[in-house]
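These protein sequence lines are chains A and B, in that order. Per the working numbering, residue 1 is the first one in the first sequence, and the count goes up by one each step. Per the working numbering, residue 313 is the first one in the second sequence, and the count goes up by one each step.
FYI, nobody ran anything at the bench for these hints, they're computed from the structure. C-beta: ideal position from N, C-alpha, C; glycine also. Be careful, since some hints might not be right.
Using C-beta positions, here's what the derived DEER-type ranges look like [claimed, not checked]:
1) A/Glu275 - B/Asn776: 46 to 52 Å
2) A/Glu275 - B/Met509: 52 to 58 Å
3) B/Phe337 - A/Asn306: 35 to 41 Å
4) A/Asn306 - B/Leu779: 51 to 57 Å
5) B/Glu330 - A/Leu301: 34 to 40 Å
6) A/Thr107 - B/Lys805: 44 to 50 Å
7) B/Glu817 - A/Asp104: 27 to 33 Å
8) A/Thr107 - B/Met723: 44 to 50 Å
9) A/Asp287 - B/Phe365: 51 to 57 Å
10) B/Val449 - A/Ala272: 50 to 56 Å
11) B/Ile359 - A/Ile147: 49 to 55 Å
Footprint (simulated), chain A over chain B, 3 or more residues, beta carbon under 8 Å [said to hold, decoys possible]:
12) 435-444
13) 561-570
14) 638-644
15) 796-806
Take a look, some chain B residues computed to stay more than 10 Å from chain A by CB distance [stated by the list, open to error]:
16) Arg453
17) Thr502
18) Leu505
19) Trp510
20) Gly515
21) Met655
22) Gln692
23) Ser707
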Amino acid sequence: MRRFSKLAAMAMAVLIGAPASAEEWAPKGSLTLEIGFAAGGTTDVIGRVLAKVMEEQTGWNIVAENRTGGGGIAMLTGIAKRPPRGDVIGMGVNMPVLAKLATDPDTMAFALDDLDYLGTVASTPIVIVARKDAPFDDMRSMIDYSIENGPISIGFIALGQRLVMEKVARETGAKFNLVAGEGSSETMKLILGGQVQAGFSSGEHFPFEDAGDMKEIATTAPERVSWAPDAPTFIESGIDIFFDPVFFIATTKGTDPAAVAALSQALDAAVATDEVAEAVRNAIRNDPKNLGSEGARQMMLDGLENFIALNN
Amino acid sequence: MVDIATILAGFSDAFTLEILLLVIFGVAVGQLVGAIPGIGPIMTMAIAIPFTFAMNPLTAIAFLVGVNKGGLVGGAIPAVLINTPGTPDAAATALDGYPLARQGKALKATKMALFSSITGDTFSDLVLITVSAPLAVLALRMGPVEVMALMIFAFAVLSGLMGDSLVKGMIAALLGLLMAAVGTDPEASTPRLIFGMWDLYDGLPLTAVAIGALAISEVIRRLAESSGSVDPAIQIASSGDPADDRVSWAEYWACRIVLLRGAVIGTVLGALPGIGTTAASFMSYAFTKASDKDPGSYGRGNIKGIAATESANSAVMGANMIPLLTLGIPGNVGAALIISAFMIHGMQPGPLLFESQGRLVYGLFGAMIMANFINLWIGQAGLRLWVRAISAPESVIYSAAILLCFVGVNMADGGLFSVVFMVIFAVLGYLMQSYGFPLVIFIISFFLGPRFELSIAQSLALTNGDLTQIYRYPVAVALLVMAAATTVWLMRKNAQSRARSEAVENKAAQEG
Chain A
1 MRRFSKLAAM
11 AMAVLIGAPA
21 SAEEWAPKGS
31 LTLEIGFAAG
41 GTTDVIGRVL
51 AKVMEEQTGW
61 NIVAENRTGG
71 GGIAMLTGIA
81 KRPPRGDVIG
91 MGVNMPVLAK
101 LATDPDTMAF
111 ALDDLDYLGT
121 VASTPIVIVA
131 RKDAPFDDMR
141 SMIDYSIENG
151 PISIGFIALG
161 QRLVMEKVAR
171 ETGAKFNLVA
181 GEGSSETMKL
191 ILGGQVQAGF
201 SSGEHFPFED
211 AGDMKEIATT
221 APERVSWAPD
231 APTFIESGID
241 IFFDPVFFIA
251 TTKGTDPAAV
261 AALSQALDAA
271 VATDEVAEAV
281 RNAIRNDPKN
291 LGSEGARQMM
301 LDGLENFIAL
311 NN
Chain B
313 MVDIATILAG
323 FSDAFTLEIL
333 LLVIFGVAVG
343 QLVGAIPGIG
353 PIMTMAIAIP
363 FTFAMNPLTA
373 IAFLVGVNKG
383 GLVGGAIPAV
393 LINTPGTPDA
403 AATALDGYPL
413 ARQGKALKAT
423 KMALFSSITG
433 DTFSDLVLIT
443 VSAPLAVLAL
453 RMGPVEVMAL
463 MIFAFAVLSG
473 LMGDSLVKGM
483 IAALLGLLMA
493 AVGTDPEAST
503 PRLIFGMWDL
513 YDGLPLTAVA
523 IGALAISEVI
533 RRLAESSGSV
543 DPAIQIASSG
553 DPADDRVSWA
563 EYWACRIVLL
573 RGAVIGTVLG
583 ALPGIGTTAA
593 SFMSYAFTKA
603 SDKDPGSYGR
613 GNIKGIAATE
623 SANSAVMGAN
633 MIPLLTLGIP
643 GNVGAALIIS
653 AFMIHGMQPG
663 PLLFESQGRL
673 VYGLFGAMIM
683 ANFINLWIGQ
693 AGLRLWVRAI
703 SAPESVIYSA
713 AILLCFVGVN
723 MADGGLFSVV
733 FMVIFAVLGY
743 LMQSYGFPLV
753 IFIISFFLGP
763 RFELSIAQSL
773 ALTNGDLTQI
783 YRYPVAVALL
793 VMAAATTVWL
803 MRKNAQSRAR
813 SEAVENKAAQ
823 EG
């Protein structure tokens with residue numbers, strides 16, 4: 001089976017005309033996939049399945065490890081600073097990294113150019129959710145409610161989410177108490193327990209929505225999300241803000257081009273499988289999407305400009 | 313409500329030969345790695361998860377539960393036998409376990425740890441199986457303000473372990489909190505105290521600090537005390553009295569209140585996500601010590617000390633499944649890994665899990681009960697082996713322990729960077745011990761620090777920056793009152809026992 005998939009990968013490489021050297025490259029020893037988030041989250045689940053599928057397809061020994069800290073910043077810092085051997089790749093989400101690079105570049109030990117991008121896995125839209133019985137149904141009514149009745153408590157887990165709500169408050173006069181949590185599951189707990197009125201979710205609320213305990217208020221994505229057609233975008237709500245978190249995979253800048261090509265090919269082949277698609281759908285109810293190496297780089301650069309604008 | 317047919321079907325799914333064998337395998341692996349400092353059940357589960365892809369859901373989860381439960385038992389073994397705990401909660405077990413081992417009662421101590429662990433675990437499993445839904449609703453009502461008050465209460469209880477000097481105890485506690493502040497702040501993700509070391513972005517490596525300060529520092533102490541002769545790691549000055557090798561029913565029964573209290577503390581704290589085993593085992597220990605007629609006997613080999621900590625930390629694990637299965641909210645890393653296993657098999661734990669996957673959930677309960685029995689059985693057999701292994705020469709045991717610590721930390725916390733911190737904290741731990749600063753207080757506040765800080769930040773946000781609003785949270789107020797009362801009670805108790813020991817010393821001086 002493994003030999004067959006290797007052959008298939010080779011045939012595919014020939015068909016799409018990849019450089020021959022990429023096929024010859026293989027990691028010396030094992031390849032580590034560092035996941036920038038803790039075990040049990042959506043990034044972790046998708047990352048582990050991805051690592052397994054890549055391992056089956058390439059025959060490389062791939063180890064998935066969680067490297068938490070600052071929403072992937074610690075992981076990417078480590079990757080940016082390592083010698084470029086092509087033996088460690090990292091999976092993160094663009095948003096926390098871009099938010100930090102936009103607001104606080106001096107405290108960051110790397111810039112976007114310190115990484116070689118291998119591709120993306122999927123975009124993971126973020127929505128604001130509230131308990132079913134909350135006295136507002138969408139972004140606009142939430143803002144109005146807070147202006148009339150005093151601050152609304154909002155659970156968040158990442159700096160980018162905080163920046164967005166601060167921008168909304170500045171532009172509309174709404175008042176929010178922003179309550180940090182250790183992970184989306186904590187935000188869900190705070191919402192269910194009634195300690196906060198609303199909070200950010202990237203899919204962790206699905207079981208509660210299915211059970212009729214929660215509703216979707218708005219999405220930060222540029223367009224409405226397929227699984228939340230009733231949640232308006234921020235732009236529709238009259239607030240000119242959007243962001244679209246994307247799972248991306250990168251390695252150290254200056255890695256042998258043959259290695260980068262082989263790695264990004266392996267990633268592309270894995271993202272195209274049904275197994276990865278199923279894991280992505282289970283975790284975030286979205287389809288996988290690989291923008292490719294260059295597409296991933298452009299996505300990061302555009303996203304950074306977007307966040308710089310958001311912070312002003 | 314799940315109907316009885318589903319429950320029976322679930323249990324009959326669990327009681328099959330395949331699951332039995334995998335649970336036996338999981339428990340055996342868990343006990344083995346639990347006994348190796350630094351590796352531990354969490355890491356083993358993380359490694360094992362990819363191997364469970366191919367299994368059916370119940371088999372996979374049963375195996376992981378076996379590893380987790382086996383690890384709980386295994387963790388106490390090195391703590392008791394050679395005083396090198398790999399985790400803070402095992403450090404609480406070592407407080408009385410190791411003195412007992414030195415008295416030649418190694419088997420008695422480890423057996424008590426095993427029995428207590430299984431008692432606590434079974435208690436919280438039963439709570440999970442019977443009343444998890446209402447408990448989960450109660451746990452949800454515990455918001456950030458209540459958790460902050462609970463942490464203050466925990467610190468108040470733990471002050472009972474401060475030892476003789478209040479000043480040294482406070483210094484150790486504050487040092488622990490300071491170390492916990494290393495990393496990024498929870499609200500604005502601004503790096504603090506990392507001195508340009510980006511690997512510290514997520515804080516000091518937990519395993520490295522715990523193993524360095526608790527286990528390696530003990531090895532350093534042994535080295536400093538060694539005289540060059542070849543001694544076994546543990547002097548089994550076996551009295552030849554078989555009573556020293558077993559736990560009689562009377563001894564177990566005498567600990568019933570202690571065990572029950574530990575199990576309740578563990579279950580309550582376990583049902584609240586994010587607090588963890590450390591607070592539970594130390595709070596149980598501190599309560600047991602403070603309420604005993606003879607608190608001076610603790611730390612010198614009182615079997616109740618082992619009962620208190622092991623029942624509490626094992627009870628946390630079962631209770632951690634309460635928020636996980638009823639709400640889909642993992643209580644700790646172990647539970648988070650089990651969620652991963654669920655999600656990989658396409659199931660999303662949450663409020664509908666009992667309805668949509670009732671059969672699987674009851675299968676899991678069946679596997680948990682099975683794992684408890686197997687834990688007892690394998691533990692009984694394994695302990696004899698461990699106790700025998702430990703009678704090898706000190707030089708062999710401690711060099712093996714150092715090697716395992718280095719390898720374990722290297723694997724668990726990501727590389728040599730963490731090993732360096734392990735060594736730094738080993739030296740710090742040794743110095744603290746030598747100068748009479750309570751090391752356990754340092755470690756507890758280091759482990760509780762991040763959650764304490766986050767709960768303060770959350771409470772400030774919720775109260776609009778005005779903590780005097782706390783009067784609107786009755787549970788929090790009650791906890792704070794309890795904290796104040798506990799502090800006063802403990803200080804009195806301490807003063808009394810000090811006066812008593814001074815009186816004894818004076819008397820001895822006069823007679824001498």
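Hints violated by the structure (numbers, ascending): 2, 3, 4, 5, 7, 8, 9, 10, 12, 13, 15, 16, 17, 19, 20, 21
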